[in-house]
Amino acid sequence: MKTLPRAGSSIMVIIGGLALFLVFASWGLISHPSASTVIQGSFNPSIDQSVIPVKPEPRSAVYPAGNNDTGDAVEVKYPSGYNVSDVKELAHIVPPWVVDDLPLTDDSRESNKLYVNSTLEASLSPLSAPKVKSESCDMYNGKWFHDSAGPLYTNNSCPIITNSQNCQGNGRPDKDYENYRWKPTKCGLPRFDPKEFLKLMRGKTIAFIGDSVARNQMESLLCILWQVETPTNHGDSRMHDWLFKSTSTRIVRIWSAWLIHKTLEPFDFAPKDVVKLHLDSPDENFMEFLPTFDVVVISSGHWYVRKTAYIYKNEIVGGQLWWPDKSRRKKMDNVKAFGISVETILSAIATHPNYSGLVIVRSYSPDHYEGGSWNTGGSCTDKVKPATDAELANNRFTNDLHKKQVTGFNRAVKKQTNKSRFRYMDITKAYSYRHDGHPGPYRSRDPHKKTTRGPHGEPPPQDCLHWCMPGPVDTWNELAFEIIKRDLESAGSLPT
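Per the UniProt record's numbering, the very first residue in the sequence shown carries number 1; after that it's consecutive.
Errors might be hidden in some of the hints.
Claimed, not checked - In silico BS3-like pairs for lysine-lysine, Cα to Cα no more than 25 Å straight-line: (1) K336 <-> K272; (2) K313 <-> K415; (3) K195 <-> K485; (4) K485 <-> K143; (5) K383 <-> K143.
Everything labelled a hint here was simulated from the structure, so no lab data went into it.
Keep in mind it's a predicted model, so treat the numbers as computed, not measured.
Modelling step: build the complete structure from the supplied sequences, incorporating the hints.
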């Protein structure tokens, strides 16, 4: 074999070295894209966001770091008959801006048109984004970026926005909070395409189960879809029910503040005027409809600060804002009660013999009352942009509820006996940055409402829990849409 000249050998070595460098450099860029930003936070849910097996196989529970709850597993009890409860909520246990939660009627939609005044046109063109398989993309770590395309709708292009969330119609002077979108670190999150959503959901029903924050998300989805088709209202006193006739797609919402069975009748030493939560029994008011839903988006948590008594295994074990007998030991606080309730309702769904749909558990939505709570001077006034890391406040209550929710989710999945699919939509960390997205003092059209601090710095009455529409809440539906697409894709059911 002939020997290459020394100069030729040197050239070959250089070329080989450059080739190796390019290979390793490309691998590094793919694994760690330089333009991405990872939000640092205290949330660390150890949930596998890849496809959970459809068949009920034995699986190990996965717990968030530092929260290996070793309490007893919940044995779910069903109230006899699954009859509709005639329990009426007590107004004194909720703030005034939560009580307004009746099904919308045609009259209320017409009257709401009086409150719209925005002139910005909604952009419906979907932005191109790379498609990434679910097992290779964590959609919940990323950053908020300013999107010049603007919101998906405006408050003058959607007539069903709850008045207290119609921030522009209520006079909020800034509107840049409408223009931030979520960008996952390692993949794209496409802009919501309402026509594609209706196509994918042809003949299907998506149901939102929860409190007024669940209503917030349902109305956001309706507003997005309203831009391409006006639905018909088939709701009644039990549920919101909207039909998009072109694809026979139904959008449903059922009120369930705690997701579990509640009663008002006296029980042991708990009197009639206290709501009793049966922590090991699901809420029959929506469980009877469960088999009719293809997708369920479920959420809760905020009502666990209300006055209630906790009943578990037929015993009063605790209460919130109520515990009259100081000689009795309270076995449970509201955080633990919330965790048990999550396991109860999700276990009931996971073992329901007639349910095989997709369950999206939306994680706890953080509020941003600074300096107090909703009724003790808490405020989100003058927040006009997403928080920076330096501005981010650590909320222990939010962290604790988030961890309990993750634990309840994982325990319920372990018990699964049907063919339903569970996904955990973990928005808590990302939304801890969105202190700018709440109505604040702009909760009504009242021209005399207070919107600035008083002479001694006291804040005006405000809502720092719900979300302005349009606003950050719209991203929840982009995330839910992506989860639905991936679920259909994994089952080979994406329409062509």
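Hints, verified against the model:
Between K336 and K272 the CA atoms are separated by roughly 24 Å; this keeps the pair inside 25 Å, and the hint holds. Distance restraint check for K313 and K415: the Cα-Cα separation of roughly 19 Å lies within the 25 Å cut-off, and the hinted pair is therefore satisfied. A C-alpha spacing of about 13 Å is found between K195 and K485, which places the hinted pair at or below 25 Å, so the restraint holds. This hinted pair checks out: K485 and K143 have alpha carbons roughly 22 Å apart, not beyond 25 Å.
Simply put, K383 and K143 have alpha-carbon atoms about 18 Å apart, close enough for the 25 Å limit, and the pair holds.
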